[in-house]
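Trainee: Sequence:
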Amino acid sequence: MTELGNRLKEARLAKDLSLDDLQSMTKIQKRYLIGIEEGNYSSMPGNFYVRAFIKQYAEALGLNPEEIFETYKNEIPPSINDEMPQLSRVKTHKNISPGSSKIFDFLPKILIAVFVIGVAGLFYYFISTNAGDDTNESVSQDNEPVKLVKSDNLEKAQADEKEKAADKEKAKDKKQEKSKDEKPKEETPKEETQTPVPEAPKQELTVVQTSGRNSTFSLANADKFVVKVVSRGESWVSIKNGIGKSFFQGTLKAGTETESQTYDLTPETAAVITVGRTLDADIYVNDQKLEYAVPPAEKVRQDITIQFVPKNQ
Numbered sequence: 440m441t442e443l444g445n446r447l448k449e450a451r452l453a454k455d456l457s458l459d460d461l462q463s464m465t466k467i468q469k470r471y472l473i474g475i476e477e478g479n480y481s482s483m484p485g486n487f488y489v490r491a492f493i494k495q496y497a498e499a500l501g502l503n504p505e506e507i508f509e510t511y512k513n514e515i516p517p518s519i520n521d522e523m524p525q526l527s528r529v530k531t532h533k534n535i536s537p538g539s540s541k542i543f544d545f546l547p548k549i550l551i552a553v554f555v556i557g558v559a560g561l562f563y564y565f566i567s568t569n570a571g572d573d574t575n576e577s578v579s580q581d582n583e584p585v586k587l588v589k590s591d592n593l594e595k596a597q598a599d600e601k602e603k604a605a606d607k608e609k610a611k612d613k614k615q616e617k618s619k620d621e622k623p624k625e626e627t628p629k630e631e632t633q634t635p636v637p638e639a640p641k642q643e644l645t646v647v648q649t650s651g652r653n654s655t656f657s658l659a660n661a662d663k664f665v666v667k668v669v670s671r672g673e674s675w676v677s678i679k680n681g682i683g684k685s686f687f688q689g690t691l692k693a694g695t696e697t698e699s700q701t702y703d704l705t706p707e708t709a710a711v712i713t714v715g716r717t718l719d720a721d722i723y724v725n726d727q728k729l730e731y732a733v734p735p736a737e738k739v740r741q742d743i744t745i746q747f748v749p750k751n752q
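At the far end of the sequence shown sits residue 752, using our numbering, and the numbering has no gaps.
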């Protein structure tokens with residue numbers, strides 16, 4: 440057994456994982472996992488797969504693959520890039536005649552000059568057009584004579600407007616005098632009473648006990664018992680009730696149809712959830728996220744039991 444294989448095996452045993460558990464988590468065949476621990480890479484398809492399998496093995500155990508490759512680089516076969524010889528680079532140079540290079544030097548200047556002349560022409564046309572219109576309008580307005588027409592109807596309308604204004608002033612004065620004589624009625628404020636509505640108690644999801652990779656939770660003050668498991672990467676999950684009836688058993692993978700699983704376990708008294716890789720899986724109970732009692736970095740695989748106590752009991 441090589442030093443790399445010995446370190447990986449010790450890390451696996453420290454996580455309390457068997458080769459079968461690691462096979463379910465990484466999807467690497469068991470014989471390849473044994474070959475990695477024993478340092479026997481001859482059974483694998485090639486050096487690329489050796490490095491890829493070692494990387495998956497290390498990530499499943501929470502190890503840094505880059506550190507593993509650097510520390511045990513003498514034991515790990517080189518990658519495809521290391522095996523390929525370096526190809527010499529050939530530089531090509533195309534000769535350009537002196538006459539062509541001079542034309543290319545003057546071409547930007549010519550284009551800039553054409554652009555400036557075009558902009559100046561448009562500006563001059565715009566100013567001359569607007570100035571001509573304004574001049575014609577002012578000349579036509581100055582030439583028109585001013586005519587004053589006296590209308591009898593206008594004088595009559597003005598007299599009627601004065602009479603209406605005087606009538607309005609008189610009516611306004613009468614209303615003000617009448618309002619002074621009347622006393623305003625006092626309005627008694629109405630008292631509004633509001634009965635406080637008691638808030639419904641929130642559900643309680645608490646830790647009862649922990650032992651190794653096993654932890655037990657209690658769910659109280661809840662009308663329902665809905666369990667949802669969501670994968671943020673790839674993790675093997677099993678969901679059962681308190682007497683061992685299985686509702687789901689398989690691998691959840693982010694970005695696929697099997698990214699999450701949701702089950703209504705209200706008729707049940709308990710649920711037992713097994714997570715193969717807690718680092719990539721979240722558990723929700725009635726939309727409340729369950730905080731692992733045992734940190735996922737310490738125990739990758741965990742068995743979580745949730746005891747449901749209905750609200751009316």
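No wet-lab data here; the hints were simulated from the structure. Among the hints, a few may not be true.
[Claimed, not checked] Only pairs whose alpha carbons sit at most 35 Å apart, straight line, appear in this in silico DSBU-like list of lysine-lysine:
id: 1; residue 1: Lys-466; residue 2: Lys-641
id: 2; residue 1: Lys-663; residue 2: Lys-679
id: 3; residue 1: Lys-448; residue 2: Lys-692
id: 4; residue 1: Lys-692; residue 2: Lys-469
id: 5; residue 1: Lys-601; residue 2: Lys-611
id: 6; residue 1: Lys-684; residue 2: Lys-466
Trainee: Please go over all the hints and tell whether each is borne out by the structure.
Mentor: Hint-by-hint comparison with the structure:
1. Lys-466 to Lys-641: 41 Å, violated
2. Lys-663 to Lys-679: 17 Å, holds
3. Lys-448 to Lys-692: 26 Å, holds
4. Lys-692 to Lys-469: 21 Å, holds
5. Lys-601 to Lys-611: 15 Å, holds
6. Lys-684 to Lys-466: 26 Å, holds
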